Amino acid sequence: MNLLAHLPALQIVVPLVAAPICAVLFNPRIAQPFAVLVSLVTFAISVGLLNEVLAEGEIVYHMGGWEPPWGIAYVIDPLNALLLCLVSGMAAIVMPAVRLGIGAETTERSRRLFLSLALLALTGMLGIVITGDAFNLYVFLEISSLSSYALIATGNDRRAAPAAFNYLIQGTVGATFILIGIGLLYMMTGTLNMADLAVRIVDLRHTAPIQAALAFILVGAAVKAALFPAHAWMPNAYTYAPSMVSAFFGATATKVGAYIMIRFIFTVFGAEWVFGDMMIGWILVPLGIAAAFAGSLVAIWQTDLKRMLAYSSVAQVGYISAAIGLGNRDGLIAAIVHVFNHGLMKGALFMVMACVILRLGRADITSFRGLGRRMPVTMGCFVVAGLSMIGVPLTVGFVSKWYLVLGAIEAGVWPVAVLVIMSSLLSVIYIGRVIEVAYFAPAPDDARIQEAPALLLVPTLLLTVLCITFGIATDTTVGVAAYAVQFLLGGLP
Amino acid sequence: MIMAPLPASWLPLVAIALPMACVPLILLARRFPDVREGITMAGASLLIVVVALLAFALSLGPVAPLAVTGPIADLPLTMRVEPLGMLFALVAGFLWLITSIYAVGYMRAHHEKNQTRFYVFFAIAIGATMGIAFAGDLLTLFIFYEILTISTFPLVTHAQNDEARRAGRLYLGILMGTSIGLFLLAIVITYAVAGTLDFRPGGILQDKVQPALAGLLLALYVFGIAKAAVMPMHRWLPAAMVAPTPVSALLHAVAVVKAGAFSVLKITTFIFGFDLLAGLTATGLLQAVAAFTVIAASLVALTKDNLKARLAYSTISQLSYIVLAALIADPAAFLGGGFHIATHAFGKITLFFCAGAILVAAHKTRISELDGMGRVMPFTFAAFLIGSFSLIGLPPMGGLWSKWLMIQGAFNTQHWILIGVFAVSTLLNIAYLLPIPFRAFFRPLPDGASSGVREAPLPCLAAMAVTIMGCLALFFLPDPVIAFLSRALSLSGAFP
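Those protein sequences? They're chains G and B, same order as listed.
Going by our numbering, the first sequence opens with residue 258, and the numbers climb by one from there.
Going by our numbering, the second sequence opens with residue 5, and the numbers climb by one from there.
No lab work stands behind these hints: they were computed from the structure.
This structure is a prediction, so every number in the text was calculated from the model and none was measured.
Heads up, the beta-carbon is just placed ideally off N, CA and C, and yes, glycines get one too.
Check the hints yourself; a few may be wrong.
Negatives, chain B to chain G, calculated, CB over 10 Å [unchecked claim]:
| hint | residue |
| --- | --- |
| 1 | R34 |
| 2 | P75 |
| 3 | N165 |
| 4 | G172 |
| 5 | L176 |
| 6 | G177 |
| 7 | G181 |
| 8 | A196 |
| 9 | M235 |
| 10 | L306 |
| 11 | S372 |
| 12 | V470 |
For the chain B half of the interface with chain G, some residues (derived, Cβ under 8 Å), not all of them [said to hold, decoys possible]:
| hint | residue |
| --- | --- |
| 13 | L31 |
| 14 | R35 |
| 15 | I76 |
| 16 | E150 |
| 17 | L188 |
| 18 | L189 |
Hey, can you work out the whole structure from these sequences and the hints?
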């Protein structure tokens, strides 16, 4: 049996099988390295898949050898190959630091379960991204959602439980909407395979059920992506979740929601119909711009910096939504690139919060006083990742913004270009005020405050360096995104 | 042509990398101040050699452009050496060494803290300045422009007190707000309509844009490049004066502000082109804004009692000369603007050196406290007088020629009002600069004030002597510089 031919299956099977094993391993000292190993292997598989896609084009893998429509097909094109790398890469970076980043009170026993849940969440997200079957996507969506509710509830703060419950309610509504949409599609077309759906939908577009399906799926995906005004679950969830959970989900969870949106619009329903007759651009772009302003404005006033980052994510999801809504080549490149880039920078920023929380026990703005001197490397990472949020050249944020603004100008919607740039200026304020406190306020006399341990610092540094690397050498990100756009847009401009 | 072990087209990259390469060395030597400053001196000396070699190569013939892949797929980052940028690089590179000598005297006499950080970010700022000078396209220019903003922020806020924090807010808020909000937007629009961002003789926008859009773009550029400090985007410059004096001297009289004026000059000449520019209504409106800035900033300078604040407003006024020259859209004005980058640099840096010397030696920052100080610090105030002459445009100082050329440009294009503006502002220059040395030399010392005050530290005086020589040299030898600059406009000369 050629193992390489089964990489698509292994991508899911490895973390899925590892999750229960992790839970029954008695000694957390074994469970931890085991989880790290699994996430590294998963990441290696993702990179292998990306290479294969870039070399040979789309991969279609039939699960268990069953051909669609009977079996489930995994379809890997450049878009989801890139996302697989982001999701599993973030897991591989974050996983080694779990021991420090989930709070001191977590018992040894619960750490095992924590790791097991994290692997399940990873499996779910990877599954959503890799599958070419609409119902299978829903199944993986529930796997990732249920495990993430539990993960968030493990936070030390008592408010973590209500935050998780809140997320549970809203997330379930979103997932149910997606399920209703998929049900309608199945009712009308008799298939769940995305490629078949795309073919059969063409003649049925005028029917109400198909149009309703589009609406249900987009709204459901918007909840998962935390697109304004369906973002209400996110700030509390990210604020009270353990630092590592915030870092991992902050970098990946909303991106997977955005992915669902892109996949259904471009692969299943067809962009020219969605943006032409259905005029979805007129919903996604205004909502995206509103999100960018609302998220950034609220972020400016937050004192808890994890919450600030969560609201900043609301704004960033807004950019992704606006970029999708432009419906042209540069806009879609911007959306895909920003999904990846924002993952990197938000991951880095949440890791900084993890470092600070480990040393100070909290991450409100006053606790950052004098940290520029006390935790120079950590704060250096914050500055670089923060500059990336602002969109300074040579960081990843600049690349995303360039394509977004260019896409807006090419789509002829000048106000969007201006508004995107104006809203991005708001990030100067919310990043700048943290830098001010860290470098201009005197440090409190507390000997405990010192640089974070290497276990946390190395992943933070790594993500920060990636923010610069992919801001200069954009072959992998923009190159892959441009290639993905060829698959998604087909003949569109 | 083999110039050096490296072909000349690589030299711009070396000029950018050299100051940056000093950074790790400076950090390594942080415990040994003498070694640390020695590294800065060595780096600055080497940089002079590199830019001089490059200038020599350019004087022999065009230097091939160099392109490297950058963050945007279709837009490689290019380095293209042309005379205007070359002159800017020469001035900035040369004055880095002089300022470093001055800084050693100043920073130690003033017992500044965190000197390692100071020298590190200073070096980065110079590297970024070189990048701006040699940028062959707008994106490259923008990238280094932003690096310059960020690297100078820790220098401006060096003191890390409340005043520095307020100044830092204004500095970063205005510079970054305009560069991202207006400048970047203008660049993306330019790329969308022209399909390229290269600096080309005659511009890239000709026949590509409607006049209304071209006017809008011009306004976005002029206001978006807040480093040129055209009103109302000027407030960051007086605020930046909280920085240690060497920063004010090199960065906020030469590198940073000239990067702004240089960018405007470069964009009007090589993105818009004179023909397009001359036909726009917006050009006239922006000329009015720049002219207003020239006069208004001079008037504000008159009211300032703080010496560095007065010099800052003087800089705002002088920068708008260059912006005005750029908007006149005439070869003579272009030459005048380019030449003014050099003459104002040498003149203004002299004045800042003096201001710093007065602060270090006599602990005085206000003009009203300077009565009779000329007797205690004769060299410093003599230098101040000579530097003032250059800024006013009096012979035998180089400032004469740049003003001459700009007025000639205004004359060629029949902008009579602008000639009036130049004339009035010259009178205002006299009014706000000359009283300072006169007061120091001719008023009596207040009783008991001179005790303990001596002449400035020797490195400071040496630096002033060199910059004064520069002012004189520019007066006696303007022709080579102007001939060199004029090749920037010829189609075949500078651009391969």
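Here's how the hints hold up against the structure:
Taking the minimum C-beta to C-beta distance to chain G, about 13 Å, the non-interface status of R34(B) holds against the 10 Å cut. The claim that P75(B) is not at the interface with chain G is violated, since a C-beta of that chain comes within 10 Å of its own (minimum 5 Å). Residue-level check failed: N165(B) sits 8 Å from the nearest beta carbon of chain G, not beyond 10 Å. Separation of G172(B) from chain G is inadequate, the least Cβ-Cβ distance of about 7 Å not exceeding the 10 Å criterion.
The non-interface label for L176(B) is inconsistent with chain G: the shortest C-beta to C-beta separation is roughly 6 Å, within 10 Å. Its closest Cβ contact with chain G, about 7 Å, brings G177(B) to no more than 10 Å, contrary to its assignment away from the interface. Some Cβ of chain G comes within 10 Å of the Cβ of G181(B); the nearest lies about 6 Å off, and the non-interface call is violated. Taking the minimum C-beta to C-beta distance to chain G, about 4 Å, the non-interface status of A196(B) is violated against the 10 Å cut.
Distance check on M235(B): its Cβ is at least 21 Å (rounded) from any Cβ of chain G, clearing the 10 Å threshold; non-interface status holds. Non-interface call for L306(B) relative to chain G: holds, since the shortest CB-CB distance, roughly 33 Å, exceeds 10 Å. The Cβ of S372(B) lies farther than 10 Å from every Cβ of chain G, with a closest approach of about 31 Å, so its non-interface assignment holds. Look at V470(B): its CB is around 35 Å from the nearest CB on chain G, clear of 10 Å, so calling it non-interface holds up.
With a least beta-carbon distance of about 12 Å to chain G, the hint placing L31(B) at the interface is violated under the 8 Å criterion. Evaluation of the R35(B) hint against chain G yields a violated restraint, the C-beta minimum of about 17 Å exceeding 8 Å. Against a cut-off of 8 Å between C-beta atoms, the interface hint on I76(B) holds, since the closest Cβ of chain G lies about 6 Å away. Given the 8 Å rule on beta carbons, the hint for E150(B) holds: about 5 Å separates it from the nearest Cβ of chain G.
Taken as an interface hint, L188(B) checks out: its beta carbon lies about 7 Å from the nearest beta carbon of chain G, inside 8 Å. Given the 8 Å rule on beta carbons, the hint for L189(B) holds: about 5 Å separates it from the nearest Cβ of chain G.
Violation of the numbered hints given earlier is confined to hints 2, 3, 4, 5, 6, 7, 8, 13, 14; the remaining hints are satisfied by the structure.
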